[in-house]
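Trainee: These protein sequence lines are chains A and B, in that order.
With the working numbering as the guide, the letters of the first sequence map in order to residues 1 to 447.
With the working numbering as the guide, the letters of the second sequence map in order to residues 1001 to 1130.
Hints in this document: simulated from the structure, not taken from any laboratory.
Watch out, some of these pointers could steer you wrong.
[Unchecked claim] For lysine-lysine, the following DSBU-like pairs were computed, each having C-alpha atoms within a straight-line distance of at most 35 Å:
no. : chain 1 : residue 1 : chain 2 : residue 2
1   : A       : 247       : A       : 418
2   : A       : 281       : B       : 1103
3   : A       : 155       : A       : 418
4   : A       : 247       : A       : 345
5   : B       : 1053      : A       : 320
6   : B       : 1064      : A       : 153
7   : A       : 390       : A       : 358
8   : A       : 21        : B       : 1064
9   : A       : 287       : B       : 1103
10  : A       : 299       : B       : 1064
11  : B       : 1103      : A       : 155
12  : A       : 320       : B       : 1064
13  : A       : 281       : A       : 350
14  : B       : 1053      : A       : 153
15  : A       : 431       : A       : 247
16  : B       : 1123      : A       : 155
17  : B       : 1103      : A       : 153
18  : B       : 1064      : A       : 283
19  : A       : 287       : B       : 1053
20  : B       : 1103      : A       : 283
21  : A       : 320       : B       : 1103
22  : B       : 1123      : A       : 320
23  : B       : 1064      : A       : 287
24  : A       : 320       : A       : 153
25  : A       : 387       : A       : 418
26  : B       : 1123      : A       : 302
27  : A       : 350       : A       : 431
28  : B       : 1053      : A       : 283
29  : A       : 281       : B       : 1064
Small disclaimer: the values here were computed from a predicted structure and weren't measured.
Each chain, written out:
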Amino acid sequence: MAYIPHTDTERSEMLATIGVKHIDELYEAIPAEVRFPDLELPEAVSEMEIMAELQALSEANLDVSHATSFLGAGAYNHYIPSMIDHILRRNEFYTAYTPYQPEISQGTLQAIFEYQSLMCQLTGMEVSNASHYDGATALAEAVILALNQHRLKRKRVLLSATIHPHAREVVRTYTQGMGLDIVGDEDCNVGPDQLIGLIDENTTLVAVQYPDFLGHIHDYTAVGEAAQEAGALFCVVVNPFALGMLKPPGEFGADIVVGDGQPLGIPMSFGGPTVGIFTTKDKYVRKMAGRLVGETVDKDGKRGFVLTLTPREQHIRRDKATSNICTNQGLMALASAVYLSVMGKSGLRKAAELAYHKAQYAAERIDGLGGFSLWNEGPFFHEFVVKCPKPVSEINAHLLEYDILGGYDLGNDYPELKDHMLIAVTEMISKEEIEDLVAALAEVDHD
Amino acid sequence: MDFPSDLKYTESDEWIRVEGDSATAGITDYAQDQLSDVVYVESLAEPDQDLAKGDPHSTVESVKAAADVYMPIGGQVTEVNEALVDSPELVNSDPYGAAWMVKFTVADASELDGLLDAAAYQKHCEERES
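For reference, chain A alone in the conformation it holds in the complex (with noise of 0.2 Å):
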């Protein structure tokens, strides 16, 4: 479709029905002090002098790809396959809006679709929308669907404290005024076994992560038996790269299961785009909040796909709306779906157990240093914590003048451990650059 732009009769004539001389009449309601305010541009430069300009300025910032990086906490150095660029900017999928129109959208819908299809058979859960904006705003959400199944009856909300600390404030952030008591997630030593004491009959929903914020992978079967005896929904925040390895949530017992899906084929970014993954069970459909495509045929028989379960949305239920979100990640949810696809089953199971087995490599050597400690007593996934003889930004400083980005600083989070690092290892890290992390702790002064 071409761009037409108007024509200067075509101005002439749109000014005269509204009865405007000129253009500039219409800016008269913005003071003229401001109006116009003179932008003080430098002069103009050759796209040849300003690329120099931006080439210079960009590599102001050390980056991956020139510095071995262990810091994790929730976004993640992972390998991105090349093939996933080369289908995301295409144009039919790099400027495709919001596929209200079906019959000029079916590549979209499909994409979404298969995204949908493989977020459920990664999670083990039976129904999944077509994303969030990122894994916090999805947890958010699943607080929001478990109120809303006890038609607001139930108040309490429990909160794992080794959540990523980001989301449970997103998720404080999101249901502020709503009248919640958010509980459980006060002191990062309370395990999944002590989260069972606090269920009651007002808990609405347990929340964990798996694996938890701290690298723990633990056994919620537990939880999950104990929420549902007391009527409580019960969710599990993943690493969706973790369920490469790990048993899936659906698997023991979780009604509602949420992620961020940066770690599958999204880069870091500074922090975004991502993606929020949210997936439940068939029962809780019509609370779940989002965009939702379906599968059904045409006139002719033919398959094709649609938005569905549209009345779930604020657009038609209005106030009666579970969310006001109207909308996906569509173009991070095609990377996640092409990076699995692309992966597949053996290759994310590859990753995952080289991530995982590099990590306890590592730990193993850092365990083994001087006023350096290993603080996780179960297994871990590809994340563990370091007790460190320094503060974490000492380190973090020293390791910095070998290129290296050291570990996430706890202290940031949870008071009780000031002077631990959160360490992440993933597949892209090699032994020689573990070997260069443990030599350059080794100079670090220790009692």
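Given chain A, put chain B in place with the hints provided.
Mentor: Same frame as chain A, but now just chain B:
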């Protein structure tokens, strides 16, 4: 279009059948026609619950809308129609019979006086069509 004469009606397209101090309620033929194919009926009420005139007792979802269904008069719920969960299409095929939505004990029979009879309700529907 059906307007059974033994029923009373609200302007929001609900019907009520009263037998002694028990009542049954649902949505009218006109309503199901306006909604088109009903795909889901959700009961918001439970047995023993007291609902006032105008309180929603169910939500009906069709391919193009989601609408609340209101109590035509107040009462205490005795039964909700479970059959509608698996067969929501009954609302379209049998709105006055198999697709009843709620049964309740009447709280105040004088509230019936404010409702429309079949003729008045039919006129109300015709006025909206013009």
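Trainee: Does each hint fit the structure? Answer for all of them.
Mentor: Hint by hint, here is what the structure shows:
1. 247/A to 418/A: Distance of about 32 Å is within 35 Å: holds.
2. 281/A to 1103/B: Holds. Residue 281/A to residue 1103/B sits at ~31 Å (cutoff 35 Å).
3. 155/A to 418/A: It holds: about 33 Å lies between the C-alpha atoms, which stays within 35 Å.
4. 247/A to 345/A: holds (13 Å)
5. 1053/B to 320/A: holds (20 Å)
6. 1064/B to 153/A: holds (29 Å)
7. 390/A to 358/A: holds (25 Å)
8. 21/A to 1064/B: Violated, at about 45 Å.
9. 287/A to 1103/B: Distance of about 26 Å is within 35 Å: holds.
10. 299/A to 1064/B: holds (19 Å)
11. 1103/B to 155/A: Status holds; Cα separation ~30 Å.
12. 320/A to 1064/B: holds (15 Å)
13. 281/A to 350/A: holds (29 Å)
14. 1053/B to 153/A: Holds, at roughly 22 Å.
15. 431/A to 247/A: holds (27 Å)
16. 1123/B to 155/A: violated (46 Å)
17. 1103/B to 153/A: holds (23 Å)
18. 1064/B to 283/A: holds (21 Å)
19. 287/A to 1053/B: Holds. Residue 287/A to residue 1053/B sits at ~26 Å (cutoff 35 Å).
20. 1103/B to 283/A: This hinted pair holds, its Cα atoms lying about 25 Å apart.
21. 320/A to 1103/B: holds (24 Å)
22. 1123/B to 320/A: holds (31 Å)
23. 1064/B to 287/A: Holds, because 17 Å separates the two Cα atoms, which is no more than 35 Å.
24. 320/A to 153/A: holds (16 Å)
25. 387/A to 418/A: holds (9 Å)
26. 1123/B to 302/A: The hint is violated at about 44 Å.
27. 350/A to 431/A: holds (17 Å)
28. 1053/B to 283/A: Between residue 1053/B and residue 283/A the Cα gap is close to 30 Å, so the pair holds against 35 Å.
29. 281/A to 1064/B: Given that 35 Å is the threshold and the Cα spacing comes to 24 Å, the pair holds.
Of the numbered hints stated above, those contradicted by the structure are hints 8, 16, 26, listed in ascending order.
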